[in-house]
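*Asks:* In the order they appear, the protein sequences are chains S and B. Under the numbering used here, read the first sequence as residues 1 to 114, first letter to last. Under the numbering used here, read the second sequence as residues 115 to 228, first letter to last.
Please keep in mind that the hints were generated in silico from the structure rather than gathered at the bench. Hints may contain errors.
[Unchecked claim] Lysine-lysine pairs mimicking DSBU-like chemistry, simulated, CA-CA at most 30 Å apart:
1) B/Lys115 to S/Lys13
2) S/Lys13 to B/Lys182
3) B/Lys156 to B/Lys115
4) B/Lys182 to B/Lys115
5) S/Lys13 to S/Lys57
6) S/Lys57 to B/Lys115
7) B/Lys156 to S/Lys57
What follows is each chain in one-letter form.
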Amino acid sequence: KAGVTQTPRYLIKTRGQQVTLSCSPISGHRSVSWYQQTPGQGLQFLFEYFSETQRNKGNFPGRFSGRQFSNSRSEMNVSTLELGDSALYLCASSLEGISNQPQHFGDGTRLSIL
Amino acid sequence: KQEVTQIPAALSVPEGENLVLNCSFTDSAIYNLQWFRQDPGKGLTSLLLIQSSQREQTSGRLNASLDKSSGRSTLYIAASQPGDSATYLCAGGISSGSARQLTFGSGTQLTVLP
């Protein structure tokens, strides 16, 4: 069974630009969650999508948004990029959600802002 | 606000030693506690998930316990091997109304010396 796939693996952008990251969950998984990992703040929850609807949201500004398609694939968009957005962005999938099931993570997209 | 703490930040042990990693959380109303490992440049791999109604979970050489009353969880690794070298993270599942998310600790970087 294929794991969670994130594309691209690496991305370099400049301040003010916008970026879109993609996540393909494990087949049959309907929940996709996004996390930001930085050396200073550690792993922080961004949001969770389930059946094309945002179900949970962390404490990030509106510049961070996402969506989920009917095949459960998810995209995350960050607009007006800032230097502090440099991070490893991870997505995780599970069958029904982050409530009581293990989360299966992809290898992440490393975003660098110049 | 839920806070999750992991001590120590780094640990180095000789191969074959049994070891314990610690995780503490401030909100005893967690609905589960998960342990993950992260290898350099990779995403997270789920190791064990303990539901709030459970006391412990075991998988191979790993055993995780949960004590909600004291706000603590431990991950016990028996007969450590160099392949166990990685960063270990714990995450508490919290809910606020209908919203749910995982709050992560900052991790313990484990090195097992051959």
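*Asks:* For the pair supplied as a hint, S/Lys13 and B/Lys182, is the alpha-carbon distance within the 30 Å limit?
*Replies:* Violated, because 43 Å separates the two Cα atoms, which is more than 30 Å.
*Asks:* Verify the proposed pairing of B/Lys115 with S/Lys13, using a straight-line Cα cut of 30 Å.
*Replies:* violated, 33 Å
*Asks:* Please work out if B/Lys156 and S/Lys57 have their alpha carbons no farther apart than 30 Å.
*Replies:* Cα-Cα ~24 Å, so holds.
*Asks:* Assess, step by step, whether the Cα of S/Lys13 is no farther than 30 Å from the Cα of S/Lys57, and give holds or violated.
*Replies:* Roughly 25 Å between the alpha carbons, so the hint for S/Lys13 and S/Lys57 holds.
*Asks:* What's the verdict on B/Lys156 and B/Lys115, does the C-alpha distance respect the 30 Å limit or exceed it?
*Replies:* holds, 28 Å
*Asks:* For the pair we were handed, B/Lys182 and B/Lys115, check the Cα-Cα distance against 30 Å.
*Replies:* Holds. B/Lys182 to B/Lys115 sits at ~16 Å (cutoff 30 Å).
*Asks:* Is the Cα-Cα distance between S/Lys57 and B/Lys115 30 Å or less?
*Replies:* This hinted pair holds, its Cα atoms lying about 15 Å apart.
In this structure, the hints that do not hold are numbers 1 and 2, in rising order.
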